[in-house]
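Spelled out, the chains give:
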Amino acid sequence: MSQTITIDPVTRLEGHGRITLKTNGHGEISEACFSVTQVRGFEKFSEGRPYYEMPSLMARICGICPVSHLLASAKACEAIMAVEIPPTAAKLRRALNLAQSIQSHALSFFYLASPDLLLGMDADPADRNIFGVAKAHPELGRAGVGLRRFGQHMIELLGRKRIHPGWVVPGGVTEPLDAAKRDEILALVPDAYANIKLALTAYKQIASRFQDEIESFANFPGPFMGMVADNDGLEFTDGKLRMIDAKGIVLMDNLEAARFDEAIGEAVEPFSYMKFPYYKPMGYPAGSYRVGPLARLNIASHAGTPLADAELLEFKKLSNGPVLGSFHYHHARLIEILHGIEVIEQLFSESSILDKHVRATAGVNRQEGAGIAEAPRGTLMHHYKVDSNGLMTWANLVIATGQNNNAMNKGVLQVAQRYVKADKLTEGMLNRVEAVIRTFDPCLSCATHAFGQMPLVIELLAPDGSILDQVSRV
Amino acid sequence: MATPVFSANHMAHSAKHPRTLLLACGNTLRGDDGVGWRIACALEQQPCNGLTVLFTQQLLPEFAQAVSRADTVIFIDCSADTAAGTVSTTPIEPAKDLPRILTHHLDPASLLRLSLDLYAHAPARALAVTVGGESFALTDHLSKTVQAAVPTALQAVRNALQMVRAQVH
Chain A
1 MSQTITIDPV TRLEGHGRIT LKTNGHGEIS EACFSVTQVR GFEKFSEGRP YYEMPSLMAR
61 ICGICPVSHL LASAKACEAI MAVEIPPTAA KLRRALNLAQ SIQSHALSFF YLASPDLLLG
121 MDADPADRNI FGVAKAHPEL GRAGVGLRRF GQHMIELLGR KRIHPGWVVP GGVTEPLDAA
181 KRDEILALVP DAYANIKLAL TAYKQIASRF QDEIESFANF PGPFMGMVAD NDGLEFTDGK
241 LRMIDAKGIV LMDNLEAARF DEAIGEAVEP FSYMKFPYYK PMGYPAGSYR VGPLARLNIA
301 SHAGTPLADA ELLEFKKLSN GPVLGSFHYH HARLIEILHG IEVIEQLFSE SSILDKHVRA
361 TAGVNRQEGA GIAEAPRGTL MHHYKVDSNG LMTWANLVIA TGQNNNAMNK GVLQVAQRYV
421 KADKLTEGML NRVEAVIRTF DPCLSCATHA FGQMPLVIEL LAPDGSILDQ VSRV
Chain B
1001 MATPVFSANH MAHSAKHPRT LLLACGNTLR GDDGVGWRIA CALEQQPCNG LTVLFTQQLL
1061 PEFAQAVSRA DTVIFIDCSA DTAAGTVSTT PIEPAKDLPR ILTHHLDPAS LLRLSLDLYA
1121 HAPARALAVT VGGESFALTD HLSKTVQAAV PTALQAVRNA LQMVRAQVH
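Chains A and B, in that order, give the protein sequences. When you line the first sequence up against my numbering, it's residues 1 to 474, in that order. When you line the second sequence up against my numbering, it's residues 1001 to 1169, in that order.
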């Protein structure tokens, strides 16, 4: 008899989602759908607002990665203004974006994923959380809390607020950095290094225990996309887009924000509010691709900082070509944290970081503009159109988590086929179905621009669509 | 209104001056929810050795280290559970059972527990001073009922601080 399993809510995610697993008459999982069930409509209600309000409005989509929305939005506005921001403003924004990636990656790795990694996929769910980690591995708990505090505190020092800082504006940033804040940030760097080195060492020691998960967690060939620097290095803020295929062959390169919609289309599916972006030349769904830490490390030739370069070299040895297993997103996040700390240290050691000229001004010089930034979860695109008075007439946001949508669905199917037996649901099975989604660290609040809640649901459905079983966690 | 920051009086350890952490919680744009910040702002105007004031919208795991380094922690917040304008002073013990799912905030007892688990230390004294809220609408003003309770709440916090100092001396 065919069945459908629904996991609702899926836990330890940013947002609210549902997983539906359908079985065939042989008790095998035949279909999987990861549904995002809420919508907020930021693109629509921005119509009529002055374009310069967009960064602060759009940042409200998310409390985890507001800086990425600020940056992509400000860059779209700057395309409308046709201005180039002062070099010091670009450096300060880069530092802010990296600080956000550090705190977000720390949240993902230590708070959300490490309970599975350190305590085991089959551990008692009552203990499988950050508090369980704190008890069993306090040194790693402290490292996680410390790294998140480092990123958050740096955002607060620069932008005055940990969440939704208003510092990034069209044209640059509102005020320059002073020496006292620079020194405070640099003083925090040694602890940050110690914490990430501890985490990388611990991760490499335990990763081999998860060979089964590495092979089955969204491990499939497909394209990867992200931003790279002009020298092919890892870049989060001011680069161009590159896409490679599963063999590492470049499919698209040097794509600027203004032309991203020539290459990227968006499909919709009836079971989710989250869109399904794809690479237009390959069509949908063949052109579905992955973004985020794994993609960034796959497309970049080097990190550009000594410690991260050494780690990246080791990472790339995991495969003869691009690293395809999505379980490695966890590892990639840690390398990006290390890279971020190194770049921040470099930027804040330059005397020019204190330059006072940090904002360019202009009015409406174009009626369309797009901006791109690398958010912690992947490439983020904001695309706006305005009238001659600068009032918004149209907006479209292509969100990182949405770009991983197809990969998450394929990953859920892959894991469910490996672990879920329709006649008996166990906690370990269900947790692995959730855990494959956690590797992507999806932010469903961003992806649907919906209000974030943690829970997710798993449903088991019969072939006729009736619910046979349902698991909800709160 | 100030943004979430540590105040100037950082936690320099001194036998004469116990390390006291004041954690003011709430959202100043949601009416009475901002009462904790207002009380802490008033206290911050009178410098006090060993006192650190932290303004925050939510209690976060990242505060565990600061909590672990304090001898006393006082949480100041609005309560949605007590009658409007009621000032309550409640001792807080580290939680025994922690939430299974970490979202983005903790309650005071869970933060004390996390402080113990991560840093093997929790403050010797922890208490919460709360004011019952009446309105959590989108405004930066307190309701009249809660505004009238602010002096009482301020005095409750001052009493707690004096008690701490008296115990040390």
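Don't read these hints as lab results, they were simulated from the structure. Incorrect hints may have been included.
[To be verified] To give an idea of the interface, some chain A residues facing chain B are shown, with a C-beta separation under 7 Å as derived from the structure:
1) Ala134
2) Gly141
3) Arg418
[As the list claims (entries may be wrong)] The list that follows gives simulated cross-link-like pairs (lysine to aspartate or glutamate, DMTMM-like), each with its CA atoms no further than 25 Å apart:
4) A/Lys161 / B/Asp1107
5) B/Lys1096 / A/Asp230
6) B/Lys1096 / B/Asp1107
7) B/Lys1096 / A/Asp127
The structure displayed is predicted, hence computed values, not measured ones. Note that CB positions come from ideal geometry on N, CA and C, so glycine has one too.
Here's how the hints hold up against the structure:
Given hint, A/Ala134 at the interface with chain B, holds; its Cβ is 4 Å from that chain's nearest Cβ, closer than 7 Å. Hint on A/Gly141 holds. Least Cβ distance to chain B is approximately 5 Å, under the 7 Å limit. About 25 Å separates the beta-carbon of A/Arg418 from the nearest beta-carbon of chain B, more than 7 Å, and the hint is not met. Of the pairs offered as hints, the one joining A/Lys161 and B/Asp1107 holds, with about 22 Å between alpha carbons and a cut-off of 25 Å not exceeded.
Our distance criterion of 25 Å between C-alpha atoms is broken by B/Lys1096 and A/Asp230, whose separation comes to about 53 Å. For the given pair, B/Lys1096 sits about 12 Å from B/Asp1107 by alpha-carbon distance, which is consistent with the 25 Å threshold. For the hint linking B/Lys1096 to A/Asp127, the alpha-carbon distance of about 13 Å falls within 25 Å, and the restraint holds.
Hints 3, 5 from the list above are not met by this structure, while the remaining hints are.
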